[in-house]
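Enquirer: Single-letter residue listing:
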Amino acid sequence: MARLNVNGKAVEVDAEPDTPLLWVIREQLGLTGTKYGCGVAQCGACTVHIDGAPVRTCIRPLSSVKPEQKIVTIEGLSPNANHPVQAAWLELDVPQCGYCQSGQMMAAAALLKNTPKPTDAQIVSAMSNICRCGTYNRIKAAIKLAAKKSA
Amino acid sequence: MTLDISRRHFVVGAAAAGGLSLGFHAPLDAQAAAATNPEINAWVVIQPDETVVVRIGRVEMGQGTLTGLAQLVAEELEADWSKVTTEYPTPGQNVARGRVWGDFQTAGSRGIRGSQDYMRKGGAAARIMLTQAAADAWGVPAAECTVAKGVITHTPSKRTTTFGKVAVAAAKLTPPAPAGIALKDPKTWTIAGKSQKRLDNKPKMNGAQIYSMDVKRPGMLNASIRMCPVFSGKLKSFDAAKVMGMPGVKKVVQVDDRSVAVVADTWWRAQKAVLALPVEWDLGPNAALNSAQIAETFKAGLTADQAFVGNKQGDAKAALAGAAKTIEAVYSFPYQHHVTMEPMNATALWTADKCEVWTSTQNAEAALATTATAAGLPVAKCEVYRHHLGGGFGRRSSRHDFVEQAVKIAKQMPGVPIKLIWSREEDMTHGSYHPSTQCKLTGGLDAQGNLTALHMRISGASILADLNPQALQGGADAATFQGLNPGGEEGVFGYGVPNLLVEHAMRNPAVPVGFWRGVNNNQNAIYLECFMDELAHTAGVDPLEFRRRLLGSKPKHLAVLNAVADKGGWGKPAPAGRFRGLSQHMGYGSYVAACAEVSVSAEGEVTVHKITAATDCGNVVNPGQVAFQIEGSFAYGLSALLHGEVVIKDGRSQATNFHNYPVIRMGEMPEVESIIMPSGGFWGGVGEPTIFVAAPAVLNAIYAATGKRVRSVPLANVDLKKA
Ligand code: FES
Ligand code: FES
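Protein chains in written order, with our numbering: chain W, 50 to 200; chain U, 37 to 759.
Simulated from the structure, these hints should not be mistaken for lab results.
Ideal placement from N, C-alpha and C gives every residue a C-beta, glycine not left out.
Errors might be hidden in some of the hints.
Stated by the list, open to error - Only pairs whose alpha carbons sit at most 27 Å apart, straight line, appear in this in silico BS3-like list of lysine-lysine:
#, chain 1, residue 1, chain 2, residue 2
1, W, 58, W, 119
2, U, 220, U, 592
3, U, 252, U, 390
4, U, 230, W, 193
5, U, 646, U, 335
6, W, 193, U, 233
7, U, 272, U, 286
8, U, 238, W, 58
9, W, 193, U, 646
10, U, 608, U, 646
11, W, 197, U, 238
12, U, 238, W, 193
13, U, 233, W, 58
14, U, 238, W, 166
15, U, 238, W, 198
Unchecked claim - Over 10 Å on every C-beta distance to chain U, these chain W residues come out as not near it, computed from the model:
#, residue
16, 50
17, 52
18, 60
19, 99
20, 109
21, 164
22, 168
To be verified - A partial selection of chain W residues facing chain U, derived with a Cβ cut-off under 7 Å:
#, residue
23, 146
24, 183
25, 185
Take these sequences, add in the hints, and give me the full structure.
Expert: In structure tokens, the structure reads:
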């Protein structure tokens, strides 16, 4: 049994120590907003926050996460999907299929936390997540809108 | 020769009966339900709380079709848009009700154009019935009543009622004959034709949207699969005992003649075990197949005697022999993978008298047919529940291998729901790849620089020969000629060339191929539009002017080209270091053009700064969503141009994941300016068409920048360094 803190709650999970955090979150905890896209830290669909930093959980073994580290998934980003990033995403209708967007929003929220007014170059370097529907320009616009909203 | 790609599906046999007035049939259980049923017709259900549920046969995969179709129904219904929601009927219900919802196939950019007529009529019929029910209750003629925003008003007495109050009564009325239903002039639209927000995006904000990847069923187990890595290779043997003791493992099953799966309590445990499973493969006759061999085979086809003819005017060969000047070029396009963000998956539950499947599919009717066959049960005992797709792009339209496998695994564990997820590696190495082809073009100019003859010989893989051989016509695959046809919606060759010959020498290596956003229009547009640029430069004529001269009889082709030239600044100086390229093309009923602005560094690094795009899709239902589709199609098309190549070696795909099959990311995405210029009177698609023009416009701009003519994709393989 491993202990974790997910979205503000202490939980116990039954999984081998080498299980990627992604699958613990999806299968043991049933939080399916965090997505599997590649399993090799390439696409960012599995991004969550650990102590505020964006982490690609598909290569992050359960054993490397301490019980007191705060894991936040898309389900826990805000109580009513009203984080400035979520609000901007909805306002600009960013998602197409939407499959990549949990990871995109988690990456964007982490960026804005440390860099409240990011430049285009900062956005591009922080947002290496893949979107096959090609929503990149909308994502960029939504990050700027979110920055404005939280200012 | 034209091909109706709407037939590119595999319809459940008994359900394919034609001649039905779609959406107008009363429900099967009409009598029992009549007392309380607020289903006005197949398309429109009105709840007592005034919620309008629009039922939709097509599926949402990000392209916005759900919202667009709901807009069209709501428009004719005169509904309150803020009360509109959508629902997917199942393919089983569609079969049971004589296909009232029409074709479920969501491909070929047909979501709107292929269903707008019957769905608008469905909305209008419901409005007529609701109005009649209100008029009956008041004892007045329906003609004295008007409808707006879900409220029915008897104009002379100013009495009002709402849809919700009369829905049950309306549902009992005889529907009006579809033929007599008048539809609104798009010019008077108030809900359609406007950039409404998407109806499906809210649950995507906090992880609430359930894709089939996220399905949970009581008692469900998870499966991970390994298929023979070599195309058409087989499974020889495996040693289940070696992994049965691993945590969570329940069973190791042979799925079919090429694959084995491990079933475990969680997918991760199944995946770990299937990777640890000792397996022997029978690699079969393709074990040595490689890209170089395939290229040789295609090259031979460029000059082979036998070829299918797709378009012919005059006598191209004779005219070329007599031309003042001829030029020749050979282009090529590689195999590519769809890489939907959501890897293939399906959940199946099999018992002796029922089989249910939950999956993301572009064609749930085909998925149902696959389910029934794999389950060994009649269609009537099977059902497929649809989920929004985490990307489709054609991969989920006509190859339901993942559904077949899920059912075959579930059949070996009766009563237990099994969720099969392909790892990204299995997904990439078992694609339904974009076909690879080559094309030799020969053009003849007269002394004045006019194009008098053009011969295009395409050689390469046929999608239909692989996926649906019954659709071949005398052995020919008409889809190969998309965008090069003399007529039809698949794509009309625009240029007035007096002597034209377009041919296809079919060569089908053992690489599975399928429909891929844009399909054959993508490389055909590169071949033709880059070669037109070559001809213009050879003739010493400006590429815009050269095209304009040849598009005199094709005003719609010409209009989009002129629009991008104008907005894109063609003929005016570009910002320092930037160069422009043009292209135009027609396909899936729409006319599209692009003007790309590109710079190339001394090291040969290409930056696509901006693309101006124009589309004439006849009627526009949601301009905002059309603009999104243009951006998305450019991302997809530029990804293909910059990076897209599946190399074949040792009979298998060398692409296994994003590290060796890179795709475009934010940093490579250009600014996109969209010109949406519907000229009315027809319905064209929007999900795919603009993709055609992205790559050739960029390649032509690269020529303008460097003087180097790139004739192969992807650009990652091309050295553009300054010599
Ligand atoms: S699934 Fe983790 S980065 Fe792709
Ligand atoms: S919205 Fe579909 S992959 Fe990003």
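Enquirer: Determine for every hint whether it applies to the structure shown.
Expert: To see whether the hints hold, each was checked on the structure:
| no. | hint | in the structure |
| --- | --- | --- |
| 1 | W:58 / W:119 | holds (9 Å) |
| 2 | U:220 / U:592 | holds (24 Å) |
| 3 | U:252 / U:390 | holds (19 Å) |
| 4 | U:230 / W:193 | holds (25 Å) |
| 5 | U:646 / U:335 | violated (35 Å) |
| 6 | W:193 / U:233 | holds (20 Å) |
| 7 | U:272 / U:286 | holds (22 Å) |
| 8 | U:238 / W:58 | holds (25 Å) |
| 9 | W:193 / U:646 | holds (20 Å) |
| 10 | U:608 / U:646 | holds (15 Å) |
| 11 | W:197 / U:238 | holds (21 Å) |
| 12 | U:238 / W:193 | holds (20 Å) |
| 13 | U:233 / W:58 | violated (35 Å) |
| 14 | U:238 / W:166 | holds (26 Å) |
| 15 | U:238 / W:198 | holds (19 Å) |
| 16 | 50 | holds (14 Å) |
| 17 | 52 | holds (19 Å) |
| 18 | 60 | holds (16 Å) |
| 19 | 99 | holds (17 Å) |
| 20 | 109 | holds (13 Å) |
| 21 | 164 | holds (15 Å) |
| 22 | 168 | holds (13 Å) |
| 23 | 146 | holds (3 Å) |
| 24 | 183 | holds (2 Å) |
| 25 | 185 | holds (4 Å) |
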